[in-house]
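Those sequence lines, one after another, are chains A and B. According to my numbering, the first sequence is numbered sequentially starting from 1. According to my numbering, the second sequence is numbered sequentially starting from 1001.
Everything labelled a hint here was simulated from the structure, so no lab data went into it. Quick reminder that beta carbons are idealized off the backbone N, C-alpha and C, glycines included. One should not assume that every hint holds.
With a straight-line cut-off of 30 Å between C-alpha atoms, the simulated DSSO-like cross-links for lysine-lysine are [as the list claims (entries may be wrong)]:
1. B/K1039 <-> A/K251
2. B/K1181 <-> B/K1151
3. A/K251 <-> B/K1023
4. A/K182 <-> B/K1039
5. B/K1151 <-> A/K47
6. B/K1019 <-> A/K282
7. A/K32 <-> B/K1145
8. B/K1151 <-> B/K1132
9. B/K1182 <-> A/K47
10. B/K1182 <-> A/K151
11. B/K1032 <-> A/K178
12. B/K1251 <-> A/K285
13. B/K1181 <-> A/K285
14. A/K171 <-> B/K1039
15. A/K145 <-> A/K178
16. A/K151 <-> B/K1151
Just a sample of chain A residues kept apart from chain B, beta carbon distances all over 12 Å, derived [unchecked claim]:
17. Q2
18. R166
19. D203
20. L246
21. P315
22. G421
The residues making up each chain are set out below.
Protein chains: 2
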Amino acid sequence: MQNIDLLVRDVRAFNSYFKTFDKVDVWISDGKILYIDRKKTRECNAKSYIDGDDRWMIPGLIDIHMHIESSMMTPAAFCDRLVECGVTTIVSEPHEMANVGGVQGVLDMIRAGENSPIDIFYGIPSSVPSTKPELETTGGVIYCKDMERLKENPAVACVGEVMNYRQIIRKNDLEISKFLKKLRTIDRLFPIEGHCPALVDLDLAKFLYLGINGDHTEHNIEELRQRFAGGMFVEIQEKMLNCEVLEFIHKHNLYEYFCFVTDDVMADTLQTQGHLDALVRKAIKDGFEPAQAVYNATFTPARRMNFFDRGALDPGKKADFLLLDALDTFSIAATYKDGSCIYEKGAPARTWNNGTDFAEAYYHSIRLRMQNEQTFHVKAPIMEGTVRVRAMEMRDGSTRTAERIVEMPVQGGLVQWEQSGCLLAAVLERYGKGGGIGFGFVTGDCHKRGAVATSYAHDCHNMLVAGANVKDIALAVNRLIELQGGMVAVDGGQVQAELQLNIGGILSGRPAAEIGAALGCVRAAMEAQGYRHYNPIMSFCTLTLPVSPALKLTDKGLIDVKAACVVPLFV
Amino acid sequence: MQNIDLLVRDVRAFNSYFKTFDKVDVWISDGKILYIDRKKTRECNAKSYIDGDDRWMIPGLIDIHMHIESSMMTPAAFCDRLVECGVTTIVSEPHEMANVGGVQGVLDMIRAGENSPIDIFYGIPSSVPSTKPELETTGGVIYCKDMERLKENPAVACVGEVMNYRQIIRKNDLEISKFLKKLRTIDRLFPIEGHCPALVDLDLAKFLYLGINGDHTEHNIEELRQRFAGGMFVEIQEKMLNCEVLEFIHKHNLYEYFCFVTDDVMADTLQTQGHLDALVRKAIKDGFEPAQAVYNATFTPARRMNFFDRGALDPGKKADFLLLDALDTFSIAATYKDGSCIYEKGAPARTWNNGTDFAEAYYHSIRLRMQNEQTFHVKAPIMEGTVRVRAMEMRDGSTRTAERIVEMPVQGGLVQWEQSGCLLAAVLERYGKGGGIGFGFVTGDCHKRGAVATSYAHDCHNMLVAGANVKDIALAVNRLIELQGGMVAVDGGQVQAELQLNIGGILSGRPAAEIGAALGCVRAAMEAQGYRHYNPIMSFCTLTLPVSPALKLTDKGLIDVKAACVVPLFV
């Protein structure tokens, strides 16, 4: 009689190929599936048993495109939460920490995740900075030699998203171009992730020609069609998960060529809605067959990353699996990793990490002196009269901005913007590299009162502040300096809400629930100040992202994203 | 304006994802697809042009499970023919030459294919011998250290079919088991091909558990279902290509998990019917959607072998493609490899190889002295009376045999088998390793008169002869010794047909057409002698294969395949 470690009795196990749930017993040996017993006539000697009680058994969820830093949590706290969400494998690109701390930041992120109950693989940050160095000041730079070094790390699974998509298809001397050239000679199988919103036709083909054949950004249907048609692996994140997209995939039977990913999930969303499980749940709610939704959160992502040891309940594959109480609501009863239970609904939450910490220097990363209100006086090119400025117009539903020209009066050489319908925005270089400040104006669906400041500001994570008056602006900035990073919402001279992110200015060492609650308060405060966006945090934190159309702000000033250059504030 | 090397104008190009044929221009640069231009509004500077004339353009065919030696041709002659069949990439397992010449035979096969116009990759012969060494004498053995050495060769793409499937799932000290253990520590992505006819349930699961997850053998529908359900990649060869199988695949939407392969195509079939193109043609004829048939002869085989650089007409992939005059008849007008034409219908056939030959020793591999008729007298365990013998019953439509007990008279201590309805069969060890002979009797759908001898006899390629009288038997054997290998059909004291295979006793250095014609004559002679089988050559040459059920014959005697042991001739 066969000796096994674990017998999972009477489950409805997912078959990835027939897309069925079959009533079976599952035999597990040495952390791997040994046998899916449909006939249940064979006997075995099992060291332990689980009674499946006819629950659904599916492979553990696999998220191949995401950034742990978006949760603002340490890898340890983040993964403690992920087990509850049924996610057993992630590929995280430590892009934010790379911007803060360079290759050492990446290595420290990897080290901080080492005791995780789930498997964390990594993408090599390929675009740090995300565009030309003259457009912003970054804390760290990832050079070709750094990428080569990271490639040797066994936890590294792919090249993280290549973001400088307009430059790389032209003659360039980008670090990533040098690395891709080397990569072709040493590894033909290594996946290369892309980031190419709005890229189409010949430009898209040139991007694909370089071997960059994954994309997780936001598209209209024609852009999406071109990606599938060109052999690109499409990664659908929450903002792309809508009925029109799902219907397109279904109509053209494109199930094999896409998966669900989270990209960026913030602490409070993670706490209240979940992670990749939330996407599966949403897809099912939007009419996707549950079996198909499971397939695209397990099988296709595993295949994309060449994870041939997981993603299906097959003999020889890892016994990473979930038990579901209900399929249609995707209610997770338990999570197993390598045949061991790492989460059980109702059981006390466990802390897996043994406390691997970040070095002391990470806690002193905001290298700015306290600022006074004068810092935020915007000088005009004239002494008196009227100026026309380029304002960034923010819109709900998107992280794209539009350029809008606004007239503002000038008195004593200073712009009198307070009555213009715009907020003043400033980005303060905070790595001790000159302390430059870029000024801009914001209008549209952002807040209307007080001030909001953040050191979590894509991609360089300098300090961004935007407010309706300089008093609140200065208060927000100074509070953030005291906190050594985080997000602060100020109104009427009072701090309304704050989240401390004092590890590199972007992460907190606190538990998931605590961070989620604090971030939720900041979000609520922003909404109370008039912010109108489905995700005010994301909207605000990407105001500084110079690869996201159309007009953005860095410490170097206003950036015309398409032209990839600094443009003057005054027209 | 973009500079490119080749512009293919006005074709109906296959899109692997939408499974459509789109009217486009195709831009090729540096041997790779650059752009599939649907709009045809962009201009480019092309060094050369092809007018597609609305012909179909599809990726070059990819055959990932086959053995060049089955064609009895050298790699050079074989590939000269393949270009006409539209095959641009193959994965050949030099299993036969490994049995003849060990690892040196494998390396010499690889060297002999080096100047091929198409890409030849190799499987590591993993089962040489195919079963326990005590069941047959082989010319060469492939040890673990040989497999490790071959793994380092950049032309090696996978582990070739693991054939000792009943032994490997039990406690064993097989060389392949040692190698698989090492392989797991150095390469988790390397595909491992299997060979496991009739293996089901827990035994199949144990085979999969070892990471062996491809199978190309013959199955009934339940066996096929179990393979798909277990995550096995199914390779459909000609004998599995029937309406029932295709209907099963269609009904359960299993297109992603299988491909077409040829496994063994003999010289005359190759000449008259073609190669992988013949399977595509047959699938279409049997009702498979042409687009789907193309997909399973290009995209899925490429993915199975981690050939991420080919298998679809995508930007960045190799410009390996075919132009078809007609899709429904799969009529190939031209074959392109890396953007260069290697075949054009109607143009004079080209010889690509610069004449890489096999070393002299390969031409003297039949180490047997001439035999007289006494050699073939079968001694009985009694002097007079009747014996009951195990005969191998051959059946049309299969390479499986059945055991049948037959009574035969004995006179003077010798079996008088001539009137028994059976042929006498003998396998003569031919590598100078003792010169043993195994005797057996054959009945059923084999020939009825004369004798047939072959040194092409799976897997060890000792000399097999079967005949209705000892005179013809001895003649056939002696002629084969003179030829230093091949196949001979003899009747009434006359050689009826012969094919010389004097390279290692299994290959000919002659051109494809000549070998095909000679083999056709042998086949016709066998049929004239009463052979009734859809493929008499394959049927006869696998009579010696001790991993193909149920009763087979080697130089060690009769083999009970399931029990994997030698069984006595006399019951």
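Hint check results:
1. In summary, the hint linking B/K1039 to A/K251 is supported, as the alpha carbons are separated by about 23 Å, within the 30 Å threshold.
2. Simply put, B/K1181 and B/K1151 have alpha-carbon atoms about 14 Å apart, close enough for the 30 Å limit, and the pair holds.
3. A C-alpha spacing of about 21 Å is found between A/K251 and B/K1023, which places the hinted pair at or below 30 Å, so the restraint holds.
4. Taken as a hint, the A/K182 and B/K1039 pair is broken in the structure, with Cα atoms around 34 Å apart against an allowance of 30 Å.
5. A distance of roughly 38 Å separates the Cα atoms of B/K1151 and A/K47; the hinted pair therefore is violated under the 30 Å criterion.
6. For the proposed pair B/K1019 and A/K282, the alpha carbon gap of about 28 Å is at most 30 Å, so the pair holds.
7. Under the criterion of a C-alpha separation no larger than 30 Å, the hint pairing A/K32 with B/K1145 is consistent with the structure, at around 28 Å.
8. Distance check on the hinted pair: B/K1151 and B/K1132 sit about 23 Å apart at the alpha-carbon level, within 30 Å; holds.
9. With a CA separation close to 28 Å, the supplied pair B/K1182 and A/K47 stays within the 30 Å bound.
10. In summary, the hint linking B/K1182 to A/K151 is supported, as the alpha carbons are separated by about 22 Å, within the 30 Å threshold.
11. Taken as a hint, the B/K1032 and A/K178 pair is honoured in the structure, with Cα atoms around 20 Å apart against an allowance of 30 Å.
12. About 27 Å separates the Cα atoms of B/K1251 and A/K285, which keeps this hinted pair within 30 Å; it holds.
13. Between the alpha carbons of B/K1181 and A/K285 the distance comes to roughly 45 Å, so the proposed pair goes past 30 Å and is violated.
14. For the suggested pair A/K171 and B/K1039, the alpha carbons sit about 25 Å apart, so the restraint of at most 30 Å is met.
15. Restraint check for A/K145 and A/K178: satisfied, since their Cα atoms lie roughly 9 Å apart, inside the 30 Å limit.
16. Proposed proximity of A/K151 and B/K1151 is supported: the alpha carbons are some 22 Å apart, at most 30 Å.
17. For A/Q2, the shortest C-beta to C-beta distance to chain B comes to about 7 Å, within the 12 Å cut-off, and the non-interface label is violated.
18. At roughly 16 Å from the closest C-beta of chain B, the C-beta of A/R166 stays outside 12 Å, upholding its exclusion from the interface.
19. Its beta-carbon lying about 10 Å from the closest one in chain B, A/D203 breaks the requirement of being farther than 12 Å from that chain.
20. The beta carbon of A/L246 is kept farther than 12 Å from every beta carbon of chain B, the shortest such distance being approximately 17 Å.
21. For A/P315, the shortest C-beta to C-beta distance to chain B comes to about 4 Å, within the 12 Å cut-off, and the non-interface label is violated.
22. A cut-off of 12 Å between C-beta atoms confirms that A/G421 is not in contact with chain B; the least separation is 42 Å.
Comparing the model with each numbered hint stated earlier shows that hints 4, 5, 13, 17, 19 and 21 do not hold.
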